[in-house]
Amino acid sequence: MSDPIRLQSFITLSEIDKSYRMGGQTVPIFQDLSLTIEQGEFVAVMGPSGSGKSTILNMLGGIDRPDRGKLTIGNSQLHRMGEGALTAWRAQHVGIVFQFYNLLPMLTAAQNVEIPLLLKPLNARSRRERIRTVLDLVGIGDRAHHLPSQLSGGQQQRVGIARALISDPQLLLCDEPTGDLDRKSATEIMEMLQFLNKELGKTIVMVTHDPESTRYADRTLFLNKGVFESREVAA
Amino acid sequence: MTFLGLASKNAWRKPGRTILLIVSVTIAFALYAVLQAFLNGASGAAVDQGRLVVANGASAAQSLPVRYLDTLETLDGVDDVAFSARMRGFVGTEDNIAVVTAVDPERGYRVFGQELGLDPAMIEGLSAERDALLVGQMLARAMGWQVGDRVSITGFHDVQKDGSRNWAFTVAGIFPGKTASTDTYFAIAQYGYFNAMRQNGADTVKNFVVIPAEGVDPQSLAPKIDAQFANSPYPTRTQSEKQFLQSFMRQIGDLKAVVGMVVAAALITIFMIVVNTMAFAVRERTFEIGVLKSIGLSRHRIMSLILSESLLVFTIGGALGGILGWIACRFADPSIGLVFSVAGWVNIAALTLGLGLLSGLLPALNAMRLPIVQTFKAR
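From first to last, the protein sequence lines stand for chains A and B. First residue of the first sequence? That's 1 in my numbering, and the numbers climb one at a time after it. First residue of the second sequence? That's 1 in my numbering, and the numbers climb one at a time after it.
Think of the hints as simulated: they come from the structure by calculation, not from any bench. Ideal Cβ placement from N, Cα and C applies to all residues, glycine included. It is possible that part of the hints are untrue.
As the list claims (entries may be wrong) - Only pairs whose alpha carbons sit at most 20 Å apart, straight line, appear in this in silico EDC-like list of lysine to aspartate or glutamate:
hint, chain 1, residue 1, chain 2, residue 2
1, B, 377, A, 64
2, B, 242, B, 226
3, A, 225, A, 15
4, B, 377, A, 176
5, A, 184, A, 212
6, B, 377, A, 180
7, B, 9, B, 288
As the list claims (entries may be wrong) - Just a few of them, taken from the derived set where beta-carbon distance is under 10 Å, the chain A residues facing chain B:
hint, residue
8, 54
9, 55
10, 92
11, 95
12, 98
13, 102
14, 103
15, 107
16, 115
17, 117
18, 118
19, 163
Said to hold, decoys possible - Covered, in the sense of this in silico footprint (three residues per stretch, anywhere, with C-beta under 8 Å from a C-beta of chain A), are these stretches of chain B:
hint, region
20, 9 to 22
21, 289 to 299
Using the sequences plus the hints, can you model the full thing?
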């Protein structure tokens, strides 16, 4: 596999503050958190529950916003964008892979993958071609017309990855993508993500509890009580 | 797959629930369609707005002298006049009601001919024999009468001079009505024969029907007619045909309001059930809505998705209900007088659209407003 080409800082979190209101009290999650991720990098984030892993992922996806600080991805300053702009940005620039796949149960694999394309002005033929290409890429082209209930966990996660890839985003955010899979399926999914990173140049940020999965990342960040610890390791 | 396709798949993800919802909406709209048809028939959907009815001013149930015809005919602004007497009777048993309207054949043809689907041959047949009878298609179908049949109608109140209440007629023709909504559940006899044979009420009519001359406003002609008979023993009350039928309906109680309230209660109840079920169905999918938002569907797309689902349920239910109502009207006993009009379909379509959007609005707004982070906590 070739080395990724690192052109510039792709993601920059600068002096981020974030807190939540819980039971009438303000619970701080991050204070002055800063982080840089380069384009084409594969970063794993580990840490105990409540450490802020999901919050980081949500902020990178434009799902949640920092209370203070700057969050830049590519040329987009997410901390300055409103909800509508974030939604449009997300549709174009981010693919999200969930732990429990979150496929719509009444849609086939192909139809699940097609959902993000409903927002794009594509004709039916181009749409079909893109779906076939991306399903073949994740190795599930022969299951295109199966419902999620007819697929194994690993196959469903491949559909989830295909859905995240269909808009050809620069950034993939993975929320414990192997958390619901057996070891064999987990290995296949991690190899798939590594392929997308190394061969297609996708920048990947993955939250995981599984130390085994971090082997595929370029570096692993340990988050504890909203602070990155110095156990940073290169892959 | 289209956006509407996605909405449709969502709506059908629990087929049992969706079918029950559609059945509820179907029943509501079938009820509404039949109510509309009933009120339409009761308020005279098929009547001519330009014609005037001259009835007894004291009560429409009382008669007027037939001699008023001479005055009416010579009045300025009157083009033509017809008159009728009415006999309510039954065939065989008292619940098998038949109404006979006695008219002057030529005048009746000129004034009502087109609306009732009469042709010159029928009028010739009606005029040929004193006891000839033209039977409306619905009445003929209900009684099983054919042209040439000798039939007997027993009058409730109208007695012949020899004391008999049995009036014998020969069916000379069957008139179809101009449209399917025209009331043809009655028969037409010769006024001359009916008037000559009856024991009471000789030389009286139930009412006159006046056709204003071209360019004459019926509403300004009406008071002129009443002025002519203001100081006579039988003052008149002249109204448009529609007003006449509506005031007649009011005499037997505000049926429209009562039936309307019952159907409105049914509609509101079903509407609330649908809103509640839709809200529940959307709440069940809170997490999924978050997922859709996270992959780029905007708040307004989510709102449209939910609204499309409720609209789909109402469109299918409304269409089925309308068709069911139409079938019920078509095969109902003609004596009920159900008139299903084009306006009925338009009303059903408008109500389907309105209620479909309204029932989805609350769950759609909730889904639209939910922050993604909060939806992720719903798993």
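Each hint tested on the structure:
no.	hint	result
1	B:377 <-> A:64	holds (13 Å)
2	B:242 <-> B:226	holds (18 Å)
3	A:225 <-> A:15	holds (16 Å)
4	B:377 <-> A:176	holds (16 Å)
5	A:184 <-> A:212	holds (12 Å)
6	B:377 <-> A:180	holds (18 Å)
7	B:9 <-> B:288	holds (14 Å)
8	54	holds (8 Å)
9	55	holds (9 Å)
10	92	holds (8 Å)
11	95	holds (8 Å)
12	98	holds (7 Å)
13	102	holds (4 Å)
14	103	holds (9 Å)
15	107	holds (6 Å)
16	115	holds (6 Å)
17	117	holds (9 Å)
18	118	holds (5 Å)
19	163	holds (7 Å)
20	9 to 22	holds (count 4)
21	289 to 299	holds (count 9)
Hint compliance for this structure: no hint is broken.
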